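Residue numbers (the numbering used here), protein chains in the order written: chain A, -7 to 323; chain B, -7 to 323.
Don't read these hints as lab results, they were simulated from the structure.
From a predicted model like this one, the values you see are computed outputs, not experimental measurements.
Watch out, some of these pointers could steer you wrong.
Take a look, some chain B residues computed to stay more than 10 angstroms from chain A by CB distance [unchecked claim]: (1) Arg15; (2) Gly29; (3) Cys34; (4) Val45; (5) Ile85; (6) Ala149; (7) Lys169; (8) Ile307.
Pairs of lysine to any residue, SDA-like flavour, derived with a Cα cap of 20 angstroms [as the list claims (entries may be wrong)]: (9) Lys178(A) x Thr168(B); (10) Lys(-2)(A) x Asp18(B); (11) Lys201(A) x Gly82(B); (12) Lys169(A) x Glu172(B); (13) Lys258(A) x Arg14(B); (14) Lys295(A) x Lys201(B); (15) Lys169(A) x Glu175(B); (16) Lys68(A) x Thr10(B); (17) Lys278(A) x Arg171(B); (18) Lys201(B) x Lys278(A); (19) Lys169(A) x Lys(-2)(B); (20) Lys(-2)(B) x Arg194(A); (21) Lys295(A) x Thr294(B); (22) Lys178(A) x Gly3(B); (23) Lys258(B) x Arg14(A); (24) Lys(-2)(A) x Tyr180(B); (25) Lys(-2)(A) x Arg14(B); (26) Lys201(B) x Lys169(A); (27) Lys178(B) x Arg40(A); (28) Lys169(A) x Gly82(B); (29) Lys201(A) x Arg15(B); (30) Lys(-2)(B) x Gly176(A); (31) Lys201(B) x Ile85(A); (32) Lys178(A) x Ile85(B); (33) Lys201(B) x Gly84(A); (34) Lys(-2)(B) x Gly84(A); (35) Lys184(A) x Gly82(B); (36) Lys295(A) x Glu172(B); (37) Lys(-2)(A) x Arg194(B).
Derived coverage of chain B by chain A (criterion: at least 3 residues anywhere in the stretch with Cβ under 8 angstroms from a Cβ of chain A; other residues may be distant) [what the hints assert, rightly or not]: (38) 110 to 121; (39) 131 to 145.
By construction, the Cβ of each residue, glycine as well, lies at the ideal position given by its N, Cα and C atoms.
Protein chains: 2
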Amino acid sequence: MPELRKDPIHGGWVIISTERSRRPSDFTPEERKTAGGFCPLCEGNEDRTPPEVLAFRENGMAGNSPGWSLRVVPNKFPALRIEGELNREGEGIYDRMNGIGAHEVVIETPSHSETLTTMSIKAVENVLWSYRDRIIDLRRDHRLRYVMVFKNFGISAGASLEHSHSQIIALPIVPTKVREEIEGAKNYFSYKDRCVFCDILRQELQERKRVIHENEGFVSLAPFASRFPFETWIVPKAHQSSFELTESSFFSLAAEALSDTLRRMKEILDDPPYNYILHTSSSPEKDRDHYHWHFEIMPKLTKVAGFEWGTGFYINPTPPEEAAEYLREAK
Amino acid sequence: MPELRKDPIHGGWVIISTERSRRPSDFTPEERKTAGGFCPLCEGNEDRTPPEVLAFRENGMAGNSPGWSLRVVPNKFPALRIEGELNREGEGIYDRMNGIGAHEVVIETPSHSETLTTMSIKAVENVLWSYRDRIIDLRRDHRLRYVMVFKNFGISAGASLEHSHSQIIALPIVPTKVREEIEGAKNYFSYKDRCVFCDILRQELQERKRVIHENEGFVSLAPFASRFPFETWIVPKAHQSSFELTESSFFSLAAEALSDTLRRMKEILDDPPYNYILHTSSSPEKDRDHYHWHFEIMPKLTKVAGFEWGTGFYINPTPPEEAAEYLREAK
Chain A
-7 MPELRKDPIH GGWVIISTER SRRPSDFTPE ERKTAGGFCP LCEGNEDRTP
43 PEVLAFRENG MAGNSPGWSL RVVPNKFPAL RIEGELNREG EGIYDRMNGI
93 GAHEVVIETP SHSETLTTMS IKAVENVLWS YRDRIIDLRR DHRLRYVMVF
143 KNFGISAGAS LEHSHSQIIA LPIVPTKVRE EIEGAKNYFS YKDRCVFCDI
193 LRQELQERKR VIHENEGFVS LAPFASRFPF ETWIVPKAHQ SSFELTESSF
243 FSLAAEALSD TLRRMKEILD DPPYNYILHT SSSPEKDRDH YHWHFEIMPK
293 LTKVAGFEWG TGFYINPTPP EEAAEYLREA K
Chain B
-7 MPELRKDPIH GGWVIISTER SRRPSDFTPE ERKTAGGFCP LCEGNEDRTP
43 PEVLAFRENG MAGNSPGWSL RVVPNKFPAL RIEGELNREG EGIYDRMNGI
93 GAHEVVIETP SHSETLTTMS IKAVENVLWS YRDRIIDLRR DHRLRYVMVF
143 KNFGISAGAS LEHSHSQIIA LPIVPTKVRE EIEGAKNYFS YKDRCVFCDI
193 LRQELQERKR VIHENEGFVS LAPFASRFPF ETWIVPKAHQ SSFELTESSF
243 FSLAAEALSD TLRRMKEILD DPPYNYILHT SSSPEKDRDH YHWHFEIMPK
293 LTKVAGFEWG TGFYINPTPP EEAAEYLREA K
């Protein structure tokens, strides 16, 4: 059973993923490579993944067999397990609980060669719909406090499979950084009676120097305090705390914004590895006024990593105004 | 002039390092490699670095010339500049200040082939003495609030030069994670009237399952909530908030603990890239009772990075009890 452990000093939690336990020899450079050859995510190999929890396919077609456009399956090597009780307990001065949660894989396309930048906007929209459906379903489990949706693209961004996919992890705690971001937005609201993200959009759309792309519903921008070169956020223009409560008519606009932004990065940065994370409310009711969902996209271009992990202190060699200009001029 | 920018949501600061400004083409895989060939840190090439701010050499020998055992020089491409005023100011809803600070390089040895694991314990002790001297000197500058000492070893841990070196960055703000750690320790002290690190040491030395090495003054241990496989902390047994106030007689013991721990990692993990960070108080007077300096060493073994950066949520595939057992049995 994986375990959740709390740092006794700053209170952050980590998953000790005992079921994927690794010995020293598993970390040699050879082992760090992605597994080539057979792909369990390709169409036709449905029996090589756990049974799907969601799939988009033509009406009447059998589940767990070919003919789908998108599948969501439990991760075969999950960081957390859905079965069991949390059993929160102390161990002397330490706190732990069982690693209860969900870990799912969104297989974004049946084709091994497609990616979010080659897929149609309609297909990207389906990926977003699957995020919504899974968030709504997972939020029904009262043990789970946060559903995190993210994507690793490229080996050096942590993708262990080449086939285009995203991941969903539902956690029994709200991660520190998510809590800090929501609390920061709440403090701003207490002080100004305005949403900080709405204020950011207002200033950015006026100044235009960090705006990359805009459509009717969304703005892509390089944030003022970008931690990483070419970091980009996609923010809905209308205030909404929770991704899953976004109006249906906005999903195609979100897909257009995501697809356009990733294509610009591909063009300018030579198909870079990247991570994106969906930032959404942990509690739609409580966070309604002060929080504002968005995507954060981080191309993985620099290697100065451990220092930033350890300190939370980032050195960014590319001013966001310059990054935005390069991305704006792409295509 | 580099710039410090504050995130308007969670309040973290980043350095926008305009003087190292990078265009998209600078991030292509080729450019990410370390520069081979000529080494500006080697003995004999003293004129290829800015003039030294500290050096250990035989009495009477001229500065900035051969014959040294250790040199500290300003970074030739500094993330921050020592000259100027902070000029804190707003830009609409955003906050910024000039990137005032120091960025120095500790050249740990005159020899290109030596590393902390091959150097004598006496030579490692000198590295620690140089950290102390620079911290004391930099703390005299009233504009600077925190002196951060860290080391990147190996290309994939962010080292851009092969020659064994550490870095010192003195900042006009206290980084978020440093503040959180100190505040966490303060909260623990308010509640229990005990230092959380002293409590950790007491429990670890009793249970022994996460202890890796111990000498008269220091304990190496795998922390209960390890974020990374084989993460190791070196903690002084005696309570002391600030590294630079450590009694002189303890420096050789700290060097022994650091050298021993790094050698065990080298043995077990095949000379892994790693980062270490010196965690020390931002204000020795204020933090005297509740904070406790220590080193945190993080071998860079996994690539799942962007997700953790973005969320503060770590998945660690190696339980610290197992990591400690491997490291304990090394040599």
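Non-conforming hints, listed in increasing numerical order: 1, 5, 6, 7, 8, 10, 14, 16, 17, 18, 25, 26, 27, 28, 34, 36 and 38
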